[in-house]
Structure formats: C-alpha cells, structure tokens
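Visitor: Once you have looked at the hints, place chains B, C and D on chain A.
Protein chains: 4
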Amino acid sequence: MMIVMQETASDEDIKAVIEKIEQAGAIAHPIKGARLTVIGAIGDVEQDVNIESLGLEGQPGVDRLVPILKPYKLASTQIRHGERTVLDIQGRKIGGDHFALIAGPCTVESREQTMETARCVRDAGVTLLRGGAYKPRTSPYAFQGLGGEGLRLLAEAKAETGLPVVTELMDVRDLADVLEVADVIQVGARNMQNYPLLTEIGRSGCPVLLKRGLSATLDELLMAAEYILKEGNPSVMLCERGVRTFETDHRRTTLDIMAIPILKELTHLPVIVDPSHAAGRRDLVLPLSLAAAAAGADGIIVEVHPNPDVAVCDGPQALLADTFAEFASAVQRTAETAGKALSAA
Amino acid sequence: MMIVMQETASDEDIKAVIEKIEQAGAIAHPIKGARLTVIGAIGDVEQDVNIESLGLEGQPGVDRLVPILKPYKLASTQIRHGERTVLDIQGRKIGGDHFALIAGPCTVESREQTMETARCVRDAGVTLLRGGAYKPRTSPYAFQGLGGEGLRLLAEAKAETGLPVVTELMDVRDLADVLEVADVIQVGARNMQNYPLLTEIGRSGCPVLLKRGLSATLDELLMAAEYILKEGNPSVMLCERGVRTFETDHRRTTLDIMAIPILKELTHLPVIVDPSHAAGRRDLVLPLSLAAAAAGADGIIVEVHPNPDVAVCDGPQALLADTFAEFASAVQRTAETAGKALSAA
Amino acid sequence: MMIVMQETASDEDIKAVIEKIEQAGAIAHPIKGARLTVIGAIGDVEQDVNIESLGLEGQPGVDRLVPILKPYKLASTQIRHGERTVLDIQGRKIGGDHFALIAGPCTVESREQTMETARCVRDAGVTLLRGGAYKPRTSPYAFQGLGGEGLRLLAEAKAETGLPVVTELMDVRDLADVLEVADVIQVGARNMQNYPLLTEIGRSGCPVLLKRGLSATLDELLMAAEYILKEGNPSVMLCERGVRTFETDHRRTTLDIMAIPILKELTHLPVIVDPSHAAGRRDLVLPLSLAAAAAGADGIIVEVHPNPDVAVCDGPQALLADTFAEFASAVQRTAETAGKALSAA
Amino acid sequence: MMIVMQETASDEDIKAVIEKIEQAGAIAHPIKGARLTVIGAIGDVEQDVNIESLGLEGQPGVDRLVPILKPYKLASTQIRHGERTVLDIQGRKIGGDHFALIAGPCTVESREQTMETARCVRDAGVTLLRGGAYKPRTSPYAFQGLGGEGLRLLAEAKAETGLPVVTELMDVRDLADVLEVADVIQVGARNMQNYPLLTEIGRSGCPVLLKRGLSATLDELLMAAEYILKEGNPSVMLCERGVRTFETDHRRTTLDIMAIPILKELTHLPVIVDPSHAAGRRDLVLPLSLAAAAAGADGIIVEVHPNPDVAVCDGPQALLADTFAEFASAVQRTAETAGKALSAA
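For the protein sequence lines, the chains are A, B, C and D, in the order given. Under our numbering, residues 1 to 345 are what the first sequence spells out, in order. Under our numbering, residues 346 to 690 are what the second sequence spells out, in order. Under our numbering, residues 691 to 1035 are what the third sequence spells out, in order. Under our numbering, residues 1036 to 1380 are what the fourth sequence spells out, in order.
Isolated chain A, as found in the complex (with noise of 0.2 Å):
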C-alpha cells in the first residue's frame, strides 16, 4: 500500500501515519518529493487488510490510498508459480491446452426439447452439457425454471449422453439437491457477490463456473474466485458474459474480449466465454465465439435450441440445433489455430 500525503501535510502528519503502520507491524518506506511525501508498506494481501482497517484516508494530511499489491492470493498467478489449473469434469479436462465446449439449453423446459438438444450437442462432440433448472429472472412474473423436475430432466439428459452437466444454483438451501446432479455448480453473474452461496459451493467441493458481474472489476470477479478456493476448492472456472457500458443499443451486453488475456496474466484458472447472453442476439454468437477461441479462451458456454421460436426463455440468442454441428466445427477449428483442442471425454 502506498499512502500518498497531501501537499500540505505537516511532518507531524506524516509522522503519525508512520507510527501507525508501524504499530500494525508493517514497515514504512517514506519518500519526500519536492511537493508531497508518500509513504510506502509494501507487505502481502493480510497487511494490506489491516492497513486499510487503519483508518488512514480520514487521518489529518492523507490523501489518499493506492494499493500495490493485487488483493487475492489463491487465484494469483504466482501462487503456481505459471503453472495452469487444468480442470478434470468426469475425464473432460479444462484449462491449459485443452478448449471446453459448454452447450445446451438456456433452459430445461420440458423433456423432449432437453433430450432432443442433449444428443444434438453431444452429436457434435461438445464437453459439456449446460441447462438451467432455476432461473434468475429480473421480472417476477416471468417462468423461474422448473427446479426439481429440472434437475431430474437434466439428470436424465446425462444418464443417456454421458455428458457431465453444468446447471446453476441460486439459493444456498438448494445445493444438496444440485449436488445430486451437477457436476460443475454454475453462479450467475446476479449472484458473483453472494458469499453465502460461494462459501457453501467452496465448502462443497463441486467444480464452479463463476460468472463475472455485469459490473464487476476482474479484481472483484478473482476475489469472489478467492472465497470459494480459500474454502479448499481449487476447481475454479472464470466466465465472463458481458459488461455494462452506455451501448444499450444492437446488443444486451458489451463482451469483455480483453478479459481473457489480462485474465490470463492475472491468474491460474480457465477462462471461459458466454456470447449467448453477453449479445442476447444469435447472429453474433458465432463471429463472438471466434473472437474468444482467437483470443485465448479456455472454452465457451451456448445456449442451443431444437426450435429457440417456442423457447420460453432468451430463445432469441440460442442457437439452431440444425446448424450447431457447424457452428462447433468452426470454433474447433479457430481454438485450433490458438493451440487448443477441443475436450472430450
């Protein structure tokens, strides 16, 4: 932490600041600049805790605070030391060398569109199987999933294909029932700062995909990862789906596409794309999903359809089962050409 000194400070400002860092048990650098001092205490992420619990932006002559060091550890590059988390889901390894083609419906809404999407998408050799049980959804009055009888449709859906099943838990007293069927825990972007929910998923052990916030930092997006791996689960996938910017025309979201690298550098864990909902559009899935695989992505998740016009839920961004073998052939190839390949089983 830095600890900038407005230029009007007096020596007995900064003598105080001194002191206290120091009785917090950190050491303090000062630098006397010709128009302001700065006074440096640069330990690791628990001091720089404590400092910030100081007090120190509201003392006399303080300026302001600047962190050095970045604020999580076990989502760190350095912790393992450039070393990659690859992923094991049932035999399909995620992370490193290896692109995830997550895909399925937005939502289950009834046996036969579920088993129907289910083999078209294992048809075309994707990783995983994705689909929603229970939805967030912004209006009340809008179909909230089918809950139970989701999970045992979707429990159905792998029993057939083989393919190990993504689906989204929303409420803490619904994690033994997911547990039951999924095989990697998705948190909504709604949820990234649930620590209730991601404590409990940490607690669980299950695999996560962890959805980015519609206006999370990716600082924020890799601490919300750091609540769930200091609970001792390691397996931890980044998703990022879209952010929020003043462009609210032609598209839902605005794609992060530079996430993926500055993810990369900042942290050990797969990075995996959503251009379903991040565009809300189909047509831009593919050109969005290309970009990802050329970028670096360690996978993408889509939503897939038999007919998206009776889908009862965001039908407009699915894609079309008839085309989706090509649609996959396309991102295999471009992952291809990144140094990836595709998993499966």
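A few of these clues could be false.
Non-contacting residues of chain D with respect to chain B, defined by C-beta distances greater than 10 Å in every case (computed) [stated by the list, open to error]:
1) Asp1046
2) Gln1058
3) Ser1088
4) Glu1092
5) Lys1128
6) Gly1131
7) Asp1158
8) Glu1195
9) Glu1371
Calculated cross-link-like contacts (lysine-lysine; reagent style PhoX-like; alpha-carbon spacing at most 25 Å) [what the hints assert, rightly or not]:
10) B:Lys377 / D:Lys1050
11) C:Lys954 / C:Lys920
12) A:Lys32 / A:Lys20
13) B:Lys377 / D:Lys1108
14) C:Lys705 / A:Lys32
15) B:Lys365 / B:Lys377
16) B:Lys438 / B:Lys609
17) B:Lys360 / D:Lys1067
18) B:Lys365 / D:Lys1067
19) D:Lys1067 / B:Lys377
20) C:Lys722 / A:Lys20
21) A:Lys32 / C:Lys710
22) B:Lys503 / B:Lys438
23) A:Lys73 / A:Lys93
24) C:Lys722 / A:Lys32
25) C:Lys783 / C:Lys848
26) B:Lys575 / B:Lys438
27) D:Lys1055 / B:Lys377
28) C:Lys722 / A:Lys73
29) C:Lys763 / A:Lys32
30) D:Lys1067 / B:Lys418
31) A:Lys230 / A:Lys73
32) D:Lys1299 / D:Lys1108
33) C:Lys722 / A:Lys15
Derived from the structure by calculation, the hints contain no laboratory data. Ideal placement from N, C-alpha and C gives every residue a C-beta, glycine not left out.
Guide: Chains B, C and D only, in chain A's frame:
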C-alpha cells in the same frame, strides 16, 4: 410491445408475426411506414411477458422488440393513482412529507462503539438507527461482521435509545435471527437481484430498505422491489447508493442524483439516498446529503463513528460523532426548504 | 510517479529502471517489499511527463506506473494557495460567494424568440444571457444554427437588456466573429479535447465556459482547462453537464453531482452545472438545479423558451418563460442557504 | 417515430399530438392499448428530424418518443442493398474480402525512427503505413508531434517504401498540408464529433479513417460518418479503438469486439480495429488483433517501434519491430480462416 420489422421483411414475415401475437391472445396493430412496418401489441405487463416468450426476436423479418409498458406493476405510481406510500416504522413515518435521517455505525464493532454512536445519533434527533452485524466484504480476508453478537448489541442499543433499527440480511438462513432485532431489513447492493432473499423478506412482511445495485437500472431496481411487493409486503424503501461509471478516481462510485426525481415519478415508494457508501469519503457526505434533500429525497442514510480512525470498516466515510448534530441540522434545514419535515417518534 | 515492479523482476531489472529515472534527472527511491519492489520518483508535473516518455511500462520486470501527482498545475488549488478564482464578466462576478444564473434560449431561432426570452430572463434577474448561434448537432440533417445572423441577434439582445452574452464557438475560423459579441465563449462537450480550439481561445483572452465531455474524467476536464490557462487566459469556468453511464432510460445523461465538491477541492476555478442538457427533460431541471446549488455549485446554466413546443432544438428540456421567475427565486433561495448570493450587475 | 402517451393522457392530448404530426406532413397511426395509447409516424429520416423538432416530448400527455428508424441514411446497409464498400487506396483494397494491415509508428519522432519502422512494416507486407505528425495529447506539457516536419518525413517514407500513408488531421487549418502527403486522413477519437473538421474532410474527397469516440454509440459513429458522406466523399472506414467502462485497471479502455459484427450489419463501410490504443499494453495487441480478425474485421491498425523503450509517445503499446513479421503472419492466418486475404499492392 412494438415489434419493429426489418426493411426487407416480406408480407409473409409480417403475417407470421401477427398470427403469433394473436395466438398469444393479444391484439396486433400493424403500421406500414414508408420504409418498414411496425406491429404494436399494447396490452399489460403479463401480456408483455407472454409476447417476450414467443421468441419473435429470432423470427425471420423481425428487427427488434421495443417495450412500451413499464415492466413492473405494484411498484408503479399508477397503481396507487399518484398517492405516495408512507411507511410507519414504530411510529416514525417515512415518505410523503416526512424526511428520514437514518444514521449509525457502518459495522457493529463493539459494545462501546455501538452504544456511544447510538446515543450520539439519538441526541441529534435521527429517525432510525443503522448498523451492520453481517457485512458483505469484497475480500474474504476482511472482517465479516460480528454476526449474532452484533445483533445482540443492536438490540441493546435499541432498548436504550428507543430507536428502531435497520440492519442488513445477507443469508436467507439468518432471516429469523435478524427479524428478532430489525425494524427494517436492509438488502445490500450486491444482493439486489438475490431473488430467494427478496422473496423470503417479502413473505416476512418486515419493512425493507432495498439498495440499488452498482449497475442496476432504475427499472431493474423497481423489478427487485416488485419481487418483495408481490409476496404481499408493501413496506419497501428504495435506496440510491451510487453507480459504477468510467470515473473511478476521487470517489468510490458516482451518486445518481437524477434517480431521486425520476423514481418519484415512476413509483409511489419512498426514495432514500446513501451518500456515505456512494462517496467513500467523509468530506463529500455533507454536500451530497444537502443535494439529496434539495432534490426531494425522502431521507438519507449515513454512517457515524465516535472515532473513525479506528473503525474496522469504512472509517474514511464515517461522519464524526462530535459534529454530527451540526450535520443533522444542516440537512434538516435543506429538507424543510424542499417541503419535508424531519421524521421522529 | 511510482514504478511498480513485477514479483518476478530481477535485481538487474530494478537497477535498469533506477538508472533510466536518474538519467532523466529525477531521484529514484526504491522500496523493497516482501513480494515486490516499488520505485518512487516524486518530482513535479514536467518530471512526470519525462518519466512517462521513458517507456518504462514496456521494460522488463515493470508491472505498471502509478501517477502520484496531479497532472495539471495552473488549474490546481495549490497554485493559488486555496484562494478561489472570481471572474468578472462586465461587472458580474462568478465564483467565490457569487452564484451565477445563466439562462436563455438553447438556439437563437428568430428575432422575436431571442428578444422575448432575453427580456424574460433579464426581468428574473439572471447573471448572463446564453444563446447558441452555432449548434453542434449529432445529425447532419438537423438545424445547425443561424450562424452569423444568430450572432447579430445576440448582439441586439445584449444591447437591449444589458446582459453579457455566453455563446458557443465550434470552429476556430469563426473566432473573430464570435469575439465581437461574446462576453463568454462556450466550448461544448464534444469539443472539450479540441486542442487547437482551446489554444486559440486561450490566446484570445476571452472568458470561457468549458463543458465536460460526456465521458471525460475530472482530471481530463482540468487538463483541457490547463490548455487554455497555459496560453495566459485565467478566466475559465468549468461546466458539469452529465456523463454517459449504463443508465440510458428516462434521461439523456447522468448528472455527476459529485463533480461539484470534488472539483472545488481540486481546482480554484468556478464550477457551473447545466441541468437542462444533462437531463433533456424539463421536469428534472428544477430538482437538479436545487441539488446543484445545495451541493455548492458556483452557478447553473439553463434553457428557457417562450414557447418550447415550437422550439427548433431541445424544446423538451427548456423551462417555460412564464414560470421562469419562480424557478429563479427557488434556485436563489437554495444558493443562499449554501452561502452564496445571486450575482447581478 | 413512436409517440408513447402517458396512461393519464386525455383524448384531447392524443388529438393534439395527432394534429401536430399531420401538420408536419406525416401520417399518424394511433394504437389504443389497455393502459395507454401509442401513436406511430413511420416515415423516413428527414420526417423523423421534423417530428423531433415539434417539441412533442414537452407536450401534455406525452410520455416519450421512441425512434424506430435508424437516424443515418448514406451509411446504412440498405442504401447499397447489401453490397459492401471496397476502398481503393493507391491500388490497395480495403473492405469486402480484403483485410488491411495498417502499421507504423504512433508518432513520427525522427527521420531514422520513421524510415526504419517504415521499412520494417513494408518488409512484413503491410497494406498502409500509419504515422502521426499532429498528436492530440491530454496534457499541454506533452510532446505534440513534429507537425510540418513530420509530414515531410512521412512523404519521404512513402517515397522510399511505396506504402500509402495514413495520418491524423486535428486542425482544419492544416488540411491542405496534410492532403499533400496523406492517402488516408485519420480523424481521432477526440474529434469524432468535430463537425467542421468532418465537413471539410468530406469536401476534400480524401479517404478517411474515422475513429470512434471513447463513449460514442455506434449510431453516433455512423452519424459522424454521415457528415463526411453527405459532402460527397464515399471513402470512409470506421475504426473501433476501445470504449470507456467502469473497468479502468489493467488496460486503457475496453475494446468493443461486438462493434465489428454489429457495424457489419448496420453499414456497408469497412470496419477497422485499433488494438494498440484500446489496450495501451503491447502484450494485449496480439490476442486482440487475432480476435478482431476472427470476428470479421476488415483490418487492424497497430503501432510498431524499432525501440519502444525510447518512444516519445505510447511506447508501452508499440509492437517490437524485430518480431513484427511474425505478428503479421499470425494475423494473416486468422484473417484467412475468416475468409479474407491480406491486401497489398
């Protein structure tokens, strides 16, 4: 809902959309323009939900859907024919001509700090006492609140000062404990779209202070309120606490002062402003509080600390206890020029 | 400037950075922390510009540069030791304890509309008359202003009412014409970083109302002012007029009310607020004007139209001439509670 | 345009709006819904401009106006019936199946640096040479470019390498000088809405690379292009170079990768991407360039420096000259998988 057709849409495309709308029980009004056709279907909220689920956006010839109606009902000004909701919290009125001054510690840290702050804000004539027992923290390494012990200290402060208590609930499993102490349950910005939490609080019937998410639109905030109202709980206050923008220097978030008059037009629910968390800087709290009062807010919620330099959390934004009475007077005067009287027992 | 080294930086990397800094004539202060090293070089603005041009960010072992000093000098509070700039526009004071009410038509449309509006705002006791002869319009098909004829009408309004005139300059080639009429030149938000325009206005010595760009940081606004100040023109007013955020419903931009107290801390220049363009809605202009006055703004600039329904441009946001006196009184009262007196001849 | 009436609008209010629309020569189509009335007037762009100037938004009973038509004409896909614009810059094609690799120094700093870089990029087979003689700089204290001397060096580099030149124009008074050297005039992000500049460049007929402003919507970018096209200059390339978001760590702006497929749908003009300025970090330039090519961009513009450590401006984002050929090959391969061939003489 208006369905805007592409310029290249054929008569069959238009006919197909009209048929779908009519099969869904709505009336379709096509308008043929010089360059394109627009099809109107102006019903009510439920009908809009139905039309959205028709998957029209993915259908041939359809350019986009433009919602015309507001997506919420119970929160809308119209449902109460312009009459404003006035909450009654143990005899303190909030809304209408009543201005609520809500103050207290950010976090309950100790018996001494809690009691001292509670007495200070009571002496200054505040409406409600705020204080956090469960604290959502970005870092898993930061202090997470005293939990149950914090609730007990709040109960004690309430018993001594007679002030009703506002405190945050993060985990649906803590609802019963919180209900024993809270006169108002606070839903934090991170949980604004935690639907199981909103639903359970709605069922509890306890008054709610619902904070706007950092990138939530006003419509989304009202939809979150709608989740609570729909369960039969009419006692919801909305709270603007700053939004994320490109401006990340000099302040924590950007207070959306426009949210006050816009929300007053859209909804009958009271609108509270939290300048402390919006700014993260003590010196901005007074000008922002005055601005909020002048713009017509129904109240503010601020943090006070007997000794912010040793506050465990958010010390730099806490007002000083020994100048709080002066702060309260200035806010009261400005609220009065805006036609509101400070609410007390 | 602080140079943060990567955790993996070698001693040679650190030495190379120190040498570069010292060759640039600055003093390097390395701080060795538990996990990484930070090198401080705390000089002045020119030194920071030099250090930025060293290309350190691309050098081996360097993680990032963290600026410590503010990048502007002449605009900073420190350069005047806390004394505030008070402009004198033909006897009207702006800044310090003086509150400026600037009003008039958005665009000069006709002789009748201009004279009628000018008389109306003069009768209400405004400080300056605003009116646009050259209008920046997003669409090339929209009315672009009366140009030279508009300037003549403004001169006539000024002659009759005695009010000094604020008008916008868009094209550096129109400077001489505008200087014949303008007492204050307005630089629009789109031209905030039009450096040739800023430089020429700086050389002209004419007082300036500099509007903040829609996504300009406060530091960038102050750097734009610095371009004018650097040419020897000290008469600069800053104008907050709303910023772009994810919230695009219900208003044109989001007024950054925090900009007022933050700018008052950073700079000695007066701070004006334009609620009309920020909101684009007449009904928001009063609450936002009151909020601005309460938060300590040095003035507001608003649009008035005798008959907004037939205004050629921005009619929906213009205040009504026949209720303008009432509006002016309400703003004056709030400015007085904030310790400022309405400025007049 | 759709005019949405308030729920409380009277029959007279509705009638008054219809009359106004009809007086403006448009046809009004009212749709009476269960809760409110919407009035459609679907004409063309000029009619929308007329309706906007009717001041309807301020009229009794009117809730809001919803534009239906796109506000630009000449830039729209429809005007060319889906055919794409292909520019011919001294025999180099840009647009359609041609991928443009535009490279060179950020700023022309010296004869040696310019010639060395020009030769390097020519050897790697680039399409055009970029280089700045006039540099818009946030700080008035930073190097502002070599001006006329810079233009002469660019002319020399062009003579030796045969590469057409792209260079920025900031000041309309420099147009004639720039036209002597430039094969393509660049309009920087800060000047995207500098209408006098756009108009003069439009009149010059010189091909243009128009950069998107940091918070410009895609519609605004197309309206800026429309200013140029309207003057009879059809040779406009659009350039995405990153937008402002809440995410200000780890990168300079957020590259809007979605802009590529969306612009390709909205307009016939070529779409170029500038990953260097978007990121401000050399290590992000390759993954972002590959992502842009994969997503269907018509080209990229990147910065190269023989020795970025001593670059006067933006060194940290410049690619290294000695690895540029490798970079160019990787981009070419990805462009080819997206169906485009590298454009050369």
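Visitor: Hints the structure violates: just list their numbers, smallest first.
Guide: Nothing - there is no hint that the structure violates, so all of them hold.
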